[in-house]
Every structure is written in structure tokens, then in C-alpha cells.
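Enquirer: Numbering of the sequence shown is given in my numbering, commencing with residue 1 and proceeding in unit increments.
These are calculated hints, taken from the structure and not from any lab test. As the structure is a prediction and not an experimental result, all values here were calculated from the model. Possibly wrong hints are sitting among the right ones.
To be verified - Distance windows between CB atoms, simulated:
#1 VAL161 to SER34: 33 to 41 Å
#2 SER106 to SER131: 34 to 42 Å
#3 SER18 to VAL124: 18 to 26 Å
#4 GLY133 to ASN54: 38 to 46 Å
#5 PRO136 to SER12: 25 to 33 Å
#6 LEU92 to TYR130: 14 to 22 Å
#7 TYR11 to VAL108: 32 to 40 Å
#8 GLU13 to LEU132: 39 to 47 Å
#9 ARG52 to ILE87: 22 to 30 Å
#10 PHE37 to TYR99: 19 to 27 Å
#11 ASN54 to TYR82: 27 to 35 Å
#12 VAL124 to PHE15: 34 to 42 Å
#13 LEU92 to ARG52: 18 to 26 Å
Heads up, the beta-carbon is just placed ideally off N, CA and C, and yes, glycines get one too.
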Amino acid sequence: MKEVYLNKTIYSEYFQVSLFTLVCLAVPMFLGHSQVFVGVIINMFLVLAALRLNGYKLLPVIIVPSIGAYVGGLLFGGASVYLLYFIPFIWLANGILVYSFKRNISVVKKVFFGSFFKALFLFVIALSFYSLGLIPSMFLIAMGPLQLLTALIGSSLGVGVNKIKL
Numbered sequence: 001m002k003e004v005y006l007n008k009t010i011y012s013e014y015f016q017v018s019l020f021t022l023v024c025l026a027v028p029m030f031l032g033h034s035q036v037f038v039g040v041i042i043n044m045f046l047v048l049a050a051l052r053l054n055g056y057k058l059l060p061v062i063i064v065p066s067i068g069a070y071v072g073g074l075l076f077g078g079a080s081v082y083l084l085y086f087i088p089f090i091w092l093a094n095g096i097l098v099y100s101f102k103r104n105i106s107v108v109k110k111v112f113f114g115s116f117f118k119a120l121f122l123f124v125i126a127l128s129f130y131s132l133g134l135i136p137s138m139f140l141i142a143m144g145p146l147q148l149l150t151a152l153i154g155s156s157l158g159v160g161v162n163k164i165k166l
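All chains, please: the whole structure from these sequences, using the hints.
Expert: Here's what the structure looks like:
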């Protein structure tokens, strides 16, 4: 009986990793025209992954959204070479959000601090790139206030979805 439970748990985790990864790749690739809409969905799935998965199983969910956004831009036009500069930093920022949900603090603090530090990190990177003349100023808004907004909404939705066990 114990083996059956363990097998179901393992399969359930791998199914969740696969589902979360697929969604985090497909949403920015095919629906990438609205940063707010896509950002909310991705942040929700980052939080769901953080609450339901552990260790290396989180990596695909952290990494694939930015790749999906770039590939979607290549396939459907509007590709921005500037996004390439940000990809490793987006991975780190997603990791910051996920890590905040692994901490032993209140849910409200997880949502607020995870979202704030994710947005702050990306804004500092964008400001540095802008100061060096590498990116246009529009990225300051995209990597600052919009990141904060989408992370706050997406994190809150992720917590809610997790509570109702969807």
C-alpha cells in the first residue's frame, strides 16, 4: 500500500512539473501580446510550483517563461533583441519569487516581499542596462512597475488557487 501511495505521489509531482512547465512555455509564446495578462498567469504558476514542488523540479518552471516569450517573438514577430539581455536575470527574478514562498513567513509577507524583490531586482538590472545605453527607456516600466503589478496579482491568485486545491 505504501508503494502505491509513493508511486502516485511521484507521478503526480511529475505531472505537475510537466503541466506547469508546458503552461509557462506556451502562455508567453502564444499569448505574449499583453505583458500584464501573461505576467499574471506566469507568476501564478510560479507560486503554485513553489507551493507544490521542491528542489530541481522548480527549475523548468523558473526558466521556460522567458524562453517562451523570446521564441514567441521570433515566431510571430515583434522579437526584441533586448529581451535576450534580460533572460538570465528573469530566471533569477523568478527564483526570488519562488524562494520567498519557501520561507517560513506569513502568506501576505510572501506575496509582498517576493513580488517587491522580484520587481526591484529586474528594475535595477533594467536601470543599469539603460544607463549603459543598452536598452530603450520603455524597459524601465516593463521591468519595474509592471513586474510588481503582475507579481502581486499573480502571487495572490496562486495562493488562492492552491487553497482551493485546483
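Enquirer: For each hint, tell me whether it holds in the structure or not.
Expert: Against the structure, the hints come out as follows:
At about 20 Å, the CB distance of VAL161 to SER34 disagrees with the hint of 33 to 41 Å. Distance hint check for SER106 and SER131: the Cβ-Cβ separation is about 36 Å, which falls inside the suggested range of 34 to 42 Å. The hinted window of 18 to 26 Å between SER18 and VAL124 is violated, with their beta carbons roughly 33 Å apart. For GLY133 paired with ASN54, a C-beta distance near 41 Å keeps the hint of 38 to 46 Å intact.
Evaluation of the 25 to 33 Å hint for PRO136 and SER12 yields a failure: the beta carbon distance comes to about 44 Å. The hint said 14 to 22 Å for the Cβ distance between LEU92 and TYR130, and at roughly 18 Å that hint holds. Take TYR11 and VAL108: their Cβ atoms lie about 33 Å apart, and the range 32 to 40 Å holds. At roughly 42 Å, the beta carbons of GLU13 and LEU132 sit within the given window of 39 to 47 Å.
For ARG52 and ILE87, the hinted distance range of 22 to 30 Å is satisfied, since their beta carbons lie about 25 Å from each other. Checked against the hint of 19 to 27 Å, the pair PHE37 and TYR99 passes, with Cβ atoms roughly 25 Å apart. Taking the beta carbon of each, ASN54 and TYR82 are about 34 Å apart, inside 27 to 35 Å as hinted. Our hint of 34 to 42 Å for VAL124 and PHE15 holds, since their Cβ atoms are close to 37 Å apart.
Between LEU92 and ARG52 the C-beta distance comes to about 21 Å, which sits within the given range of 18 to 26 Å.
Going through the hint list in order, the structure does not satisfy hints 1, 3, 5.
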